[in-house]
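Residues -22 to -1, 1 to 325 in mature numbering (1 follows the signal peptide of the UniProt record, and there is no 0) are what the sequence shown lists, from first letter to last.
What the hints contain is simulated information worked out from the structure, not anything from laboratory work.
Be aware that a few hints might be false.
Said to hold, decoys possible - Now the in silico label distances, taken between C-beta atoms and shown as ranges:
(1) Glu178 to Asp76: 24 to 30 Å
(2) Glu5 to Gly108: 33 to 39 Å
(3) Thr169 to Trp80: 19 to 25 Å
(4) Gln292 to Ala139: 33 to 39 Å
In this text the structure is predicted, and so the values were computed from the model without any measurement.
In this text, a Cβ means the ideal position worked out from N, Cα and C, and glycines have one as well.
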Amino acid sequence: MRPLTKAVGIAALILVPIAGMAANQTETNRNATQQWHQGILAGYQSLAAEAGDLSVAAVDYCSAPEQAARETLEQAWLDTFLAWQRVRYVDFGPVENDNLAWQFQFWPDPKNLIARKASYLLNSEDPISGEVIAESGVAVQGFPMLEYLLYDEPLNASDNALPAEKTCGLLRAVAGHIETNSQQLRDQWQTFRKDYLATEQYRDTTIRAGMAALEILEDRRLAQPMGLRGNGKRSVYAADAWRSGRSLKTMEATIHGLEQSFLPGLTQLLKESEQPQLGPRIENQFKDVLEHFPELHRPMTELLSNDDAFSLLQGFYVDVSQLTTLINDQAAVELGVIRGFNSSDGD
């Protein structure tokens, strides 16, 4: 019996470290998801607060359309849009309900549906209301529609330019729709906490969301306008927020959002991995990417048309590419995360 007893003892000694490692991994995953949930919640709370200010600014401007009110409205639109950019990477959970992400930002828009939808609504004899906006589709319901009303040059040279009564009706209704959706998203994310923290797969889902956001930023928001993808021609119309000239501001906000609410959980996981040095390397690469600002706070048109300015954009692209490689090809592999299908790919 002694050999059997000895074998059982050895097995017990082996199992204790394995059980301890599993417990440590579970605790690490729990800490990471708690950080992610809290960071994303803070982002959604900021979005809801800014959206409330935007809705008020739209009403105030249409009531008294003076220059100061117009400037307040434009700043409120930008502040709220950038708040959205900081949480734009979250492509799972409540934001999937009712195509909320698309309601906030219909992009890309290669067929210029936003302009066509606006023209239809503004030239229709039917009044514009919140109910009409809710039924009009995602091209009408979000930040790009407000950007169109504020910054589209042909519109602003027409009889429908703000503060025309019908256009103000559309402005107020869309701003109100964004406010409602922002509050809903904030509240639903809070309710989602229990399932998010209790479901192991959300660890990988969150990492994939960060990965997808970086791929979209590199390939579609940067490379495509720069002519590095597709037909090889530079085109401002491939960028988001091109009408307002804020394409680079939105990219900066996305990077800031990833740094603030995604990176802490990722580095928490990497600390306990076999490559703990990856965490500091990624943190430093985020800093390298953001060091390109504020010099890149310029309209995309200027950056694409001037070779000296374009070189600045190229440097930013290289640093974004390096960040994408560190997270998608190294950190994700180290953590055993395989890139999944991204619904925003459109294929």
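For a quick check of understanding: which of the numbered hints are violated here, in increasing order? 2
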